[in-house]
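S.K.: Below are the chains, spelled out letter by letter.
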Amino acid sequence: MTRWKLWLPLVLFAGFCALVAWPLIRPPSTDVHSQLIGKPLPQFALKPANSTLPGIATADFRDGKPRLLNVFASWCVPCAAEAPQLGELQRQGVEIVGIDLRDHPEDLAQFLQQNGNPFARIGADDIGAVQLGIGSSGVPETFVIDGKGVIRYQHIGDIRAEDVPMLLGKLKDAEA
Amino acid sequence: MIAELGLAALWLAAALALLQLVCGVMVVRRDDAALASVIRPLAVVQGALAALAFGALLLCFARFDLSVKLVAMNSRDAQPLIFQIAGTWGNHEGSMLMWVTIMSLAGALIALIERRVPERTMIATLATQAFVGLGFYAFLLIASNPFERLDPPAQQGLGLNPALQDIGLAYHPPTLYFGYVGLSVAFSFAVGALITRQVTPAFARAMRPWVLGAWIFLTLGITAGSYWAYYELGWGGWWFWDPTENASLMPWLAATALLHSVSVLAARDALRTWTIMLGVVAFSMSMVGTFLVRSGILTSVHAFAIDPERGAFILGLLALYVGSALVLFALRAGTVAEGERFAVTSREGALVVNNVVLCALLAIVLVGTLYPLVTEAYGVRVSVGPPYFTPVSALFFLPMLVVLAVGPLLRWRRDSLERIQRPLVLFFAIAVIALAGVWFNSSIGFLPLVGMALAAMLAVASFAPAQGRNLRRLPLAVWGMMIAHFGIAVALFGMAADSAFTVEKLVAAKEGDTVEIGPWLATLKTVEPVAGPNWTALEATLAVSYEGEPGKALRPQQRSFWAPAQKTSESALLTRWNGQLYTVLGDQAEDGRWQLRLWWKPFVTWIWYGGILIGLGGLLALIGRVGNDLKRRHAQVRIARRKRTAE
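Same order as they appear, the protein sequences are chains Y and Z.
Just add 2 to the spot in the first sequence (first one is 1) and you have this note's numbering.
Just add 23 to the spot in the second sequence (first one is 1) and you have this note's numbering.
Hints in this document: simulated from the structure, not taken from any laboratory.
For every residue, glycine included, the Cβ atom is placed at its ideal position computed from N, Cα and C.
Be careful, since some hints might not be right.
[Unchecked claim] The calculated label-pair distances, taken between Cβ atoms and stated as ranges, are:
hint	chain 1	residue 1	chain 2	residue 2	range
1	Z	Asp652	Y	Trp6	35 to 45 Å
2	Y	Gly149	Z	Thr413	24 to 34 Å
3	Z	Thr267	Y	Leu38	24 to 34 Å
4	Y	Pro56	Z	Gln178	35 to 45 Å
5	Y	Ser53	Z	Ala612	41 to 51 Å
6	Z	Glu171	Y	Gly17	34 to 44 Å
7	Z	Gly460	Y	Leu14	41 to 51 Å
8	Z	Ala612	Y	Leu14	45 to 55 Å
9	Z	Gly468	Y	Gly149	47 to 57 Å
10	Y	Gly149	Z	Leu104	33 to 43 Å
11	Z	Phe486	Y	Leu14	38 to 48 Å
12	Z	Thr413	Y	Leu14	17 to 27 Å
For reference, chain Y alone in the conformation it holds in the complex (with noise of 0.2 Å):
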């Protein structure tokens, strides 16, 4: 065997080990591009989720004023944990609609009075048909829904402290 044939296995490695560094030092990326930006939400209508909101149909998002859409449940935990940075947003002015994941109304009572309820209304989506229909697939999901009732951004995971003022400028964004 020829000399430099001796090296092959070891430059093969190193070509491996710089593949698989290279996502381990990139700063992991948090945008997720759904396949449904920039188009309209789809038709549906939602009962409402409790006795004391009203619940939501696709023409309440198309008065020109941009909206967020949270999908949650009282039974997720980092819905808990994201609830402050929701009360902030709406202190902020922002009108927040929620659809509420296979839930039951007597829990979902009990989450709003423990988390406090940010939401102008709340939808009930009790088999998910919704929620997959908008293009989310987990919960906490949070969506920016312009005037025109077009998905304008998606927000996978909770929404932390440091999501607020960039969730304020996409609501902005979709203002234009």
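Since the structure of chain Y is already known, use the hints to place chain Z on it.
M.R.: Just chain Z now, kept in the frame of chain Y:
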């Protein structure tokens, strides 16, 4: 107190490993008898200390000590005791400690018993073992201390991930770790032999039981893991070509190749550098596998699970070990004397073909697993799945089976196909008859068809080496080989039958409805809530009967764990000799009907029976080899004693 004791033992073990490495390097560079004599005892004490540390962690989990962070994060008192204990290795820190413990115990064992290899090679081997161990000790002590305390102690544990609350967890990771550690010993032997340039049959015989042992554990680990995924995940599939599975398959492929090449080296003193190379590759594959699973770089759909720091640490270790071994290989392999030569048509020739194909399969799996990383660098996200892996690997695997049937009949060094003409014709006839038989009786795809024909041929061919020999005097290792090869035929038949004949049905049923699936009738009787120790579930009762035989009850569940809150679907299975009925309870639709998913999977269980047979074959071979070694050593001791008395 126990946790502090464990941590102290771990630090001491790490210090001894460092000492073992330094002394080893000094002895290899310049012979020093006094220094050489401390290395074996060092390895033994280091093993004992690591075992002490692991024992301390086990005790913390068994006593449910919530002041230890790891226990609080991964355990809960409502869990059954077996899961309480299995929680020790059901997490990152604990499983790393388990790995390093098994590895130092293996080092202690070779230090105690291995006397065949020249002492200088042995010391280089133990130094390498310490070098590898040291990285893991550093990893534990610097980046993932399993004994970290919580102050104040937690009031309640968070609980073990429900998907892991299964008896499978109790044995699956330890099994794989035994396998990985066996390969680390093989790696140390390979590097040791490369350092001293003494690549001899004696070295191969010393290395072989470790490779064989590792290979048995990997085989059983993969078999069990595949069955676990099959019944726990509720998708009815038994292999998904998922990165985690590939991570365990790659070391197995490398170990299988190594197992065969080490046999050639032991028997014929051929394939010297190739065996060394495979020793390095096999261990690197086990570390690559660990890296891919632990770093999460391949499961980037869930960005939350990525832990780049730990991933970087493992990658650093991998680069250090494998990189330095490959540099050593490049510098030294050219100076290792060439081994014996052989003709193409010979036992060695067939084993080389086997090795080349296994390495090709390894490359196919590795490329497919890493390909998404390559495209991601260009901004394209892809997932590589069965449409790539299955046909491409079959392309290599199926022809290899022909070599597998013929190879064991060939003689060492030089042989001719004319000599074994009669069995060859027989094998060919069986394959053709099986092919025609299946072809005329069913309309199945090309791959399953070829798979079945080859399985039939291999089932007969695997026992051909016994033909004309006295079965009682046949060495255990030959029995092991025949049974392992037969196991491949059995597993292959199961795979082909499953992919060709599976019937699947997804229905919405209300109570009282009957569904027909293959030869089965299933009636949904009731759906009722039930409660377990730390979960509640909706349980369906299905009355099932096979071709009018008296019915049996199956109870698939939708289980909700409350600590941590998570839903799992527990499938219910009914096993017959000729297949399995697999049932899953889905969600309730708005009109009150229940989703039921049913599969009738003919002969699917043969896949795992085959896996067990392969492992059993390995075990017989191991017993045979170790037994022979012991006999040989006894004889040597007796001769030495006689010499002494004669003097």
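S.K.: So, for every hint listed, does it hold in this structure?
M.R.: Now the hints, each set against the structure:
no.: 1; hint: Asp652(Z) with Trp6(Y): 35 to 45 Å; in the structure: holds, 39 Å
no.: 2; hint: Gly149(Y) with Thr413(Z): 24 to 34 Å; in the structure: violated, 50 Å
no.: 3; hint: Thr267(Z) with Leu38(Y): 24 to 34 Å; in the structure: holds, 30 Å
no.: 4; hint: Pro56(Y) with Gln178(Z): 35 to 45 Å; in the structure: holds, 41 Å
no.: 5; hint: Ser53(Y) with Ala612(Z): 41 to 51 Å; in the structure: violated, 25 Å
no.: 6; hint: Glu171(Z) with Gly17(Y): 34 to 44 Å; in the structure: holds, 37 Å
no.: 7; hint: Gly460(Z) with Leu14(Y): 41 to 51 Å; in the structure: holds, 45 Å
no.: 8; hint: Ala612(Z) with Leu14(Y): 45 to 55 Å; in the structure: holds, 53 Å
no.: 9; hint: Gly468(Z) with Gly149(Y): 47 to 57 Å; in the structure: holds, 54 Å
no.: 10; hint: Gly149(Y) with Leu104(Z): 33 to 43 Å; in the structure: violated, 59 Å
no.: 11; hint: Phe486(Z) with Leu14(Y): 38 to 48 Å; in the structure: holds, 39 Å
no.: 12; hint: Thr413(Z) with Leu14(Y): 17 to 27 Å; in the structure: holds, 25 Å
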